[in-house]
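Build out the structure end to end from the sequences listed, making use of the hints.
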Amino acid sequence: MKVLLPFFNDSTLMFVSRLQPMLRAHGFDAVSMLLSEHAGALTTRQLTMSLPDGPDMEASSSTMLNFERSSFDAILIAMPQRELLDRLSDRSYRSRRDRPAYIAFNAGLEFFPARGRKNRLNFDIVFLNSAVQARMFRSDVRRNGWQYVSFGHPYFINPKTIDLSDRTDVVFFAQSISPATLDSRRFVLDLMVTLAQRHPGRKIYFKLRHLPGENDTHKHKELFSYPSMLDRYIDEKPANFEFTTANMTEILSSAAICITCTSTAAMDAISAGIPTLVYVDYPENYSDRFAKPMRKEFAESGLIASIADIMDLRARRPRESWIEPRFRSEDLFDEIRRAIECFQTGEPCTWP
Amino acid sequence: MRILRHIRRVTGAFLRWLANILTGNTFKRIDQQQYEIKKEVLLAKRAATDARDLARRIHDAQQHAILNSYRSSIRRDSQP
Numbered sequence: 001m002k003v004l005l006p007f008f009n010d011s012t013l014m015f016v017s018r019l020q021p022m023l024r025a026h027g028f029d030a031v032s033m034l035l036s037e038h039a040g041a042l043t044t045r046q047l048t049m050s051l052p053d054g055p056d057m058e059a060s061s062s063t064m065l066n067f068e069r070s071s072f073d074a075i076l077i078a079m080p081q082r083e084l085l086d087r088l089s090d091r092s093y094r095s096r097r098d099r100p101a102y103i104a105f106n107a108g109l110e111f112f113p114a115r116g117r118k119n120r121l122n123f124d125i126v127f128l129n130s131a132v133q134a135r136m137f138r139s140d141v142r143r144n145g146w147q148y149v150s151f152g153h154p155y156f157i158n159p160k161t162i163d164l165s166d167r168t169d170v171v172f173f174a175q176s177i178s179p180a181t182l183d184s185r186r187f188v189l190d191l192m193v194t195l196a197q198r199h200p201g202r203k204i205y206f207k208l209r210h211l212p213g214e215n216d217t218h219k220h221k222e223l224f225s226y227p228s229m230l231d232r233y234i235d236e237k238p239a240n241f242e243f244t245t246a247n248m249t250e251i252l253s254s255a256a257i258c259i260t261c262t263s264t265a266a267m268d269a270i271s272a273g274i275p276t277l278v279y280v281d282y283p284e285n286y287s288d289r290f291a292k293p294m295r296k297e298f299a300e301s302g303l304i305a306s307i308a309d310i311m312d313l314r315a316r317r318p319r320e321s322w323i324e325p326r327f328r329s330e331d332l333f334d335e336i337r338r339a340i341e342c343f344q345t346g347e348p349c350t351w352p
Numbered sequence: 001m002r003i004l005r006h007i008r009r010v011t012g013a014f015l016r017w018l019a020n021i022l023t024g025n026t027f028k029r030i031d032q033q034q035y036e037i038k039k040e041v042l043l044a045k046r047a048a049t050d051a052r053d054l055a056r057r058i059h060d061a062q063q064h065a066i067l068n069s070y071r072s073s074i075r076r077d078s079q080p
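Chains as they are written, first to last, in the numbering used here: chain A, 1 to 352; chain B, 1 to 80.
Because the hints were derived from the structure by calculation, they are not lab data.
It cannot be assumed that every hint is accurate.
[What the hints assert, rightly or not] Straight-line Cα separation of at most 20 Å, SDA-like style, residue types lysine to any residue; simulated pairs:
id	chain 1	residue 1	chain 2	residue 2
1	A	Lys237	B	Arg71
2	A	Lys292	B	His59
3	A	Lys2	A	Gly27
4	A	Lys203	B	Leu54
5	A	Lys292	B	Asp53
6	A	Lys237	B	Asp77
7	A	Lys2	A	Arg338
8	A	Lys118	A	Glu83
9	A	Lys118	A	Ala131
10	B	Lys39	B	Arg29
11	A	Lys237	B	Arg76
12	A	Lys237	A	Gln197
13	A	Lys237	B	Gln79
14	A	Lys292	B	Leu54
15	A	Lys296	B	His59
[What the hints assert, rightly or not] Some residues of chain B that are not near chain A, with every Cβ distance over 10 Å (derived):
id	residue
16	Arg8
17	Arg16
18	Trp17
19	Ala19
20	Ile21
21	Tyr35
22	Ala44
23	Lys45
24	Ala47
25	Leu54
26	His59
27	Asp60
Keep in mind it's a predicted model, so treat the numbers as computed, not measured.
Idealized CB from N, CA, C, for every residue including glycine.
Pasting the structure below:
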């Protein structure tokens, strides 16, 4: 089964670079494609870090929207764009069966689920982040024609059990626009520097979303970069504190504890079996539109942390009751295959 | 006589009410009451905003104080 994975910015690039090997491991012929009109949005460093061999192909959005089923069985989309939404709102196009199935995922944590559901109304196959969201989608949407709705995300695979006894690294995952204000970002940087001073025996990695000057055309444009703030506000950088832009797989392979404010990386860390802390009490969090939904999303997880929890590295694993409606086993990929097959025959799809 | 007194009282009340209407007093009173209510609502909203801002400042100050206490203790421990 041949599936297309288009990308156009660093969020979708990350999604594709994570999803492609997973799909290949489950027998899909997964092809990554850079949307050519957005080629300038990514630097060579970003591209080669996520896809060392480069994208499998490069084409425009309009070319993608004209692919027939003979080229691809399905197109997997993490962030739907206007051109695609317009195409999918066309009933005559939707009713065709010789076209690929359009599969929608969330790009990561969805902080504004109502908007997320609205943007995925006309997709053939919709995977939302939680069982609750999938139920709400089914009850909200009355779409004419074939549609399959379920939940699951390639980052949210059931937590692994791993041996962490030989690991000591602590990783903080930053975001470009959250925390939002200069003071709150400076506070978070201070917090991590203090953590490094308190635990000189551990390496504290501050994982940057991107380097200064990158993602200038991304809708989430960073105003206050952490490396420049370190130069300006921190007198002495502890020797065990370091910025990194390494890719997620590499970082998670050596991390003992992960900390974040509002990054989807929390879910990656949980899935990798790494104890995780979510800190949303930073000063001026009320100016950050992601802080409140992040707190809500993680309220029942048991992972919301105070400064004391962070300083004493009291990281923990999430509660089972929180995991169950959000994380899936790897049968997610079998369900994707089954849904594509049903789309092609037009039969109603049931799973399991 | 009692009937006449009653009629006089009712007529007097009616005429006073009519005079109030004609001079706009009644409406002025209503306007005044509405103004007072609006003022109370605005004051209550402002008080709620002030309370929220104060709670936010307290929260921010608390976070700074907690982090500072850790920084101070690290500095103390690192002194010979």
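A quick look at each hint next to the structure:
1. About 14 Å separates the Cα atoms of A/Lys237 and B/Arg71, which keeps this hinted pair within 20 Å; it holds.
2. Among the hinted pairs, A/Lys292 with B/His59 is consistent with the structure: their alpha-carbon atoms are about 15 Å apart, no more than 20 Å.
3. A distance of roughly 9 Å separates the Cα atoms of A/Lys2 and A/Gly27; the hinted pair therefore holds under the 20 Å criterion.
4. A distance of roughly 38 Å separates the Cα atoms of A/Lys203 and B/Leu54; the hinted pair therefore is violated under the 20 Å criterion.
5. As the CA atoms of A/Lys292 and B/Asp53 are separated by approximately 17 Å, the hinted pair is consistent with the 20 Å bound.
6. Straight-line distance between C-alpha atoms of A/Lys237 and B/Asp77 comes to about 18 Å, which keeps the hinted pair within the 20 Å bound.
7. Among the hinted pairs, A/Lys2 with A/Arg338 is consistent with the structure: their alpha-carbon atoms are about 13 Å apart, no more than 20 Å.
8. At most 20 Å may separate the alpha-carbon atoms for a hinted pair to count; A/Lys118 and A/Glu83 meet this at roughly 15 Å.
9. Restraint check for A/Lys118 and A/Ala131: the C-alpha separation of about 17 Å stays at or below 20 Å, so the hint holds.
10. Proposed proximity of B/Lys39 and B/Arg29 is supported: the alpha carbons are some 15 Å apart, at most 20 Å.
11. About 18 Å separates the Cα atoms of A/Lys237 and B/Arg76, which keeps this hinted pair within 20 Å; it holds.
12. Restraint check: the Cα-Cα separation between A/Lys237 and A/Gln197 comes to about 9 Å, which is no more than 20 Å; the hinted pair holds.
13. Taken as a hint, the A/Lys237 and B/Gln79 pair is honoured in the structure, with Cα atoms around 18 Å apart against an allowance of 20 Å.
14. The hinted pair formed by A/Lys292 and B/Leu54 meets the criterion: a straight-line CA distance of about 19 Å does not exceed 20 Å.
15. Using a Cα cut-off of 20 Å, the hinted pair A/Lys296 and B/His59 holds, with the two alpha carbons roughly 18 Å apart.
16. Residue placement check: B/Arg8 keeps its beta carbon more than 10 Å from all beta carbons of chain A (closest about 67 Å).
17. No beta-carbon of chain A comes within 10 Å of the beta-carbon of B/Arg16; the shortest separation is about 56 Å.
18. Annotated as non-interface, B/Trp17 keeps its C-beta farther than 10 Å from every C-beta of chain A; the closest such distance is 53 Å.
19. Listed as outside the interface, B/Ala19 is consistent with that label: its C-beta sits roughly 56 Å from the nearest C-beta of chain A, beyond the 10 Å cut-off.
20. For B/Ile21, the non-interface assignment is confirmed: its Cβ lies about 51 Å from the closest Cβ of chain A, beyond the 10 Å cut-off.
21. Distance check on B/Tyr35: its Cβ is at least 33 Å (rounded) from any Cβ of chain A, clearing the 10 Å threshold; non-interface status holds.
22. At roughly 21 Å from the closest C-beta of chain A, the C-beta of B/Ala44 stays outside 10 Å, upholding its exclusion from the interface.
23. Chain A leaves B/Lys45 outside its interface by the beta-carbon criterion, the shortest separation being 18 Å against a cut-off of 10 Å.
24. No Cβ of chain A comes within 10 Å of the Cβ of B/Ala47; the nearest lies about 18 Å off, and the non-interface call holds.
25. Distance check on B/Leu54: its Cβ is at least 13 Å (rounded) from any Cβ of chain A, clearing the 10 Å threshold; non-interface status holds.
26. Residue-level check failed: B/His59 sits 7 Å from the nearest beta carbon of chain A, not beyond 10 Å.
27. With a cut of 10 Å on Cβ distances, B/Asp60 falls inside the contact zone with chain A, its closest approach being about 4 Å.
The structure is inconsistent with the numbered hints 4, 26, 27, although it conforms to all the rest.
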